[in-house]
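Knowing the structure of chain A, use the given hints to seat chain B on it.
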Amino acid sequence: MNKQEGSSVVSLRNQNGLPLLEVTDLHKYFRVRSSGGLFGKKNNLKAVDGVSFSVSRGETLGIVGESGSGKSTIARLLLKIDNPTSGVIKFNGRKLSGLLPVELRKLRQHMQYVFQDPLGALDPRMKIIDQVTEPLIIHNIASKSECHDKAAELLRSIDLKDHTFYRYPHELSGGQRQRVVLARALIMEPQLLVCDEPTSALDVSIQAQVINLLARLRERMGLTMIFISHDLNIVRHICERVSVMYLGKVVEQAQIDLLFNSPAHPYTQALLSAIPIPEPGLNRQRIFLKSDPPSPIDLPSGCRFHTRCHRAKPGCAERIPELKSLKNGQLVACHLAHGEI
Amino acid sequence: MTDKLEVELTHSEEKPQENFQIRIHRFFGRYPPIVIIAALWLLFMIFVAVFATLISPYDFTSIDLRTRLQAPVWMEGGDWNHLFGTDDLGRDVLSRLIFSIRMSLLIAFLGTVIGAILGTALGFLAAHFRGWVDDVVMAGIDFQASLPFFIISLTLLAFFGNNLVLFIGLMGIYGWERYARITRGLTLSAITHGYAIAVNTLGATPIRVYLRHILPNISSALIVNMTLNFPGTVILESSLSFLGIGVQPPLTSLGNMLGFGRDYLTTAWWITVFPGVAIFLATLSMSILGDWVRDRLDPTLM
Numbered sequence: 031m032n033k034q035e036g037s038s039v040v041s042l043r044n045q046n047g048l049p050l051l052e053v054t055d056l057h058k059y060f061r062v063r064s065s066g067g068l069f070g071k072k073n074n075l076k077a078v079d080g081v082s083f084s085v086s087r088g089e090t091l092g093i094v095g096e097s098g099s100g101k102s103t104i105a106r107l108l109l110k111i112d113n114p115t116s117g118v119i120k121f122n123g124r125k126l127s128g129l130l131p132v133e134l135r136k137l138r139q140h141m142q143y144v145f146q147d148p149l150g151a152l153d154p155r156m157k158i159i160d161q162v163t164e165p166l167i168i169h170n171i172a173s174k175s176e177c178h179d180k181a182a183e184l185l186r187s188i189d190l191k192d193h194t195f196y197r198y199p200h201e202l203s204g205g206q207r208q209r210v211v212l213a214r215a216l217i218m219e220p221q222l223l224v225c226d227e228p229t230s231a232l233d234v235s236i237q238a239q240v241i242n243l244l245a246r247l248r249e250r251m252g253l254t255m256i257f258i259s260h261d262l263n264i265v266r267h268i269c270e271r272v273s274v275m276y277l278g279k280v281v282e283q284a285q286i287d288l289l290f291n292s293p294a295h296p297y298t299q300a301l302l303s304a305i306p307i308p309e310p311g312l313n314r315q316r317i318f319l320k321s322d323p324p325s326p327i328d329l330p331s332g333c334r335f336h337t338r339c340h341r342a343k344p345g346c347a348e349r350i351p352e353l354k355s356l357k358n359g360q361l362v363a364c365h366l367a368h369g370e371i
Numbered sequence: 009m010t011d012k013l014e015v016e017l018t019h020s021e022e023k024p025q026e027n028f029q030i031r032i033h034r035f036f037g038r039y040p041p042i043v044i045i046a047a048l049w050l051l052f053m054i055f056v057a058v059f060a061t062l063i064s065p066y067d068f069t070s071i072d073l074r075t076r077l078q079a080p081v082w083m084e085g086g087d088w089n090h091l092f093g094t095d096d097l098g099r100d101v102l103s104r105l106i107f108s109i110r111m112s113l114l115i116a117f118l119g120t121v122i123g124a125i126l127g128t129a130l131g132f133l134a135a136h137f138r139g140w141v142d143d144v145v146m147a148g149i150d151f152q153a154s155l156p157f158f159i160i161s162l163t164l165l166a167f168f169g170n171n172l173v174l175f176i177g178l179m180g181i182y183g184w185e186r187y188a189r190i191t192r193g194l195t196l197s198a199i200t201h202g203y204a205i206a207v208n209t210l211g212a213t214p215i216r217v218y219l220r221h222i223l224p225n226i227s228s229a230l231i232v233n234m235t236l237n238f239p240g241t242v243i244l245e246s247s248l249s250f251l252g253i254g255v256q257p258p259l260t261s262l263g264n265m266l267g268f269g270r271d272y273l274t275t276a277w278w279i280t281v282f283p284g285v286a287i288f289l290a291t292l293s294m295s296i297l298g299d300w301v302r303d304r305l306d307p308t309l310m
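As you go down the protein sequences, you meet chains A and B in turn. All letters in the first sequence, in the order written, are residues 31 to 371 by this note's numbering. All letters in the second sequence, in the order written, are residues 9 to 310 by this note's numbering.
Isolated chain A (complex conformation) (with noise of 0.2 Å):
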């Protein structure tokens, strides 16, 4: 690392009082066809309609939803994978939208994903060591000798034996894979690690092994992290702080703690519902949703939520509800939680 380099990165570090990431207002509208055929008219699709959050810095912060709710797009849009059609996002009070290609390849030195298939994510034709030194060669931060002593002890501190170094992806396990993800994603020293449903693709047992890995890792390095799940009970063990999302919007935004004990919009109630309990002979009172999401492309009227609320009143079909906070500081989206109808 170059020093010009070095002293900014301790300026933006000293800035405490901003969130490390603000997000404004994001939507991300896909054009897509309909009707299928050559001649199809096209539509949008809303996957991310409306969402503001900030993250200030140390914390974890999850999104959880179903499929198709948009929290993957909006891991996209933090990481410009994509572009917004849009809102603003601010990392480190810096707009995201207006850099040049040259400052946001800088910029991405801070900022990095966890994919949620690890096999994919690596390139097959590249050996381990190679991939998790990339970064380091990217940013020309050291001597290639240099770059390869520092990979080779992240990975050995993440339980990576020698042998595996000059292995290729494929020949990897999946737990393994995603440890080499997770060292490529940290080798910088990233303020900011997006995880995109990380444990998703594998098995129960490596699941807990990487979680644990990340909390680890969280606590040594002091990352900020953005964790999409849909997996509650990890969301439970890894965030601070919850988001829900329901097709493209941020239904009810909370505490941990605030949002297991007392959810506030339907929705979340439902979710929380379909958690196990592990005590034979407890039950909780199960919410079970009706049918499947409805189309993003034709979405509901007023409350998006309407169509399978088990709460539902004739009132929530008309108006949107607006994410508000409740005394206790939960912001919920919900008509009734607001007491409106």
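Careful, some of the hints might be misleading.
Among chain A residues calculated to face chain B with C-beta under 10 Å, some are [stated by the list, open to error]:
{"no.": "1", "residue": "Asn113"}
{"no.": "2", "residue": "Gly128"}
{"no.": "3", "residue": "Gln139"}
{"no.": "4", "residue": "Gln142"}
{"no.": "5", "residue": "Phe145"}
{"no.": "6", "residue": "Gln146"}
{"no.": "7", "residue": "Pro148"}
{"no.": "8", "residue": "Leu149"}
{"no.": "9", "residue": "Arg155"}
{"no.": "10", "residue": "Met218"}
{"no.": "11", "residue": "Glu219"}
Restraint ranges, calculated between C-beta atoms of paired labels, are given here [to be verified]:
{"no.": "12", "chain 1": "A", "residue 1": "Met251", "chain 2": "B", "residue 2": "Gly139", "range": "38 to 48 Å"}
{"no.": "13", "chain 1": "A", "residue 1": "Leu129", "chain 2": "B", "residue 2": "Gly139", "range": "18 to 28 Å"}
{"no.": "14", "chain 1": "A", "residue 1": "Ser82", "chain 2": "B", "residue 2": "Gly139", "range": "24 to 34 Å"}
{"no.": "15", "chain 1": "B", "residue 1": "Gly193", "chain 2": "A", "residue 2": "Gly128", "range": "27 to 37 Å"}
{"no.": "16", "chain 1": "A", "residue 1": "Met251", "chain 2": "B", "residue 2": "Val58", "range": "12 to 22 Å"}
Keep in mind the hints are simulated off the structure, nothing from the lab. Ideal placement from N, C-alpha and C gives every residue a C-beta, glycine not left out.
Coordinates of chain B only, in the frame set by chain A:
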């Protein structure tokens, strides 16, 4: 490709308990005899081309009018001085054949490499920029694919006069559109793949993503296309030289030999048959090898 071969070689070494017959059988299953023969023939031709000056008995331009149209050694009138006989100017056919192989292979290799680089680069550009760049490249591909390239080459060579650089350049342009199409298609699917996105989020420049990551991953398809394109280039070169607008005397190439031997086809067949057989065997060997390489590099055909 070499990785795979090495892996499999080490595997077979790890099982010494298998008996000899099974191993022979497996070896030929993996490397069919015809493929081995084709590869050996190509190696032989490359050897001949590289060491042409050392192994040719005569200078390929030296004229000896006293021994005009002498037959090969095994025919009446032939002798050991001229193994494959002589042509109408008394030049040694074997020596000319050796130098023709050198020239034809050189042109075909250079042409193939130029075409591969040009096509791959344009394919990457199209896939990276999309939009109008993509449109222009795709239009170029369609143009190239629908042009009668042989006639274009004839016209260009006739207009701009014949020189070796232009000729090799033309050979390079031949077939670029297939590389471009393959590269564009595979790159478009690769850049949505995890590994390309991952390297991108690490902060790599697009050039690094394309050359260090995507190129190695799509190289098998490009190598296969090279082996399929090579025979086409050899034949194009031969045809143009046969018509007298390719390689010009005093240089010689296989097609050029065919063209000049044409008048003596009934009386001195050896002038044309040897280069003809050389063209045939070279293109056939390359095609056989190319088919085999394609099968080997395609995991779905294993």
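**Q.** Gly128 of chain A and Gly193 of chain B - C-beta distance against the hinted 27 to 37 Å
**A.** About 34 Å separates the Cβ atoms of Gly193 of chain B and Gly128 of chain A, which means 27 to 37 Å holds.
Q | chain B contact restraint for Met218 of chain A - C-beta distance below 10 Å | A | Cβ of Met218 of chain A sits 8 Å from chain B, so the hint holds.
(Q) Quick check on the hint: Asn113 of chain A CB to chain B CB, less than 10 Å? (A) violated (13 Å)
Q. Regarding Met251 of chain A and Gly139 of chain B, is the given constraint of 38 to 48 Å on their beta-carbon distance met?
A. holds (40 Å)
Q.
Min Cβ distance, Gln146 of chain A to chain B: is it shorter than 10 Å?
A. The hint holds - Gln146 of chain A has a Cβ within 10 Å of chain B, the shortest such distance being about 8 Å.
(Q) Take the shortest C-beta to C-beta distance between Pro148 of chain A and chain B; is it under 10 Å? (A) holds (8 Å)
Q) Would the hint on Arg155 of chain A stand, with a C-beta cut-off of 10 Å toward chain B? A) Holds. Min distance 4 Å.
**Q.** Hint status (Cβ of Gly128 of chain A to nearest Cβ of chain B, threshold 10 Å)
**A.** Hint violated; Gly128 of chain A Cβ to chain B Cβ min 18 Å, cut 10 Å.
Q.
Quick check on Leu149 of chain A please, does its C-beta sit within 10 Å of some C-beta on chain B?
A. holds (8 Å)
Q) Do the beta carbons of Leu129 of chain A and Gly139 of chain B sit within 18 to 28 Å of each other? A) For Leu129 of chain A and Gly139 of chain B the Cβ distance comes to about 21 Å; the hint holds.
Q: Would you settle whether the hint for Gln142 of chain A is holds or violated, based on the nearest Cβ-Cβ distance to chain B being less than 10 Å?
A: holds (7 Å)
Q: Go through the hint on Phe145 of chain A and say holds or violated, using the shortest Cβ distance to chain B against 10 Å.
A: Since chain B brings a Cβ to about 6 Å from Phe145 of chain A, closer than 10 Å, the hint holds.
Against the hints set out earlier in the document, violations occur for numbers 1, 2, 11, 16.
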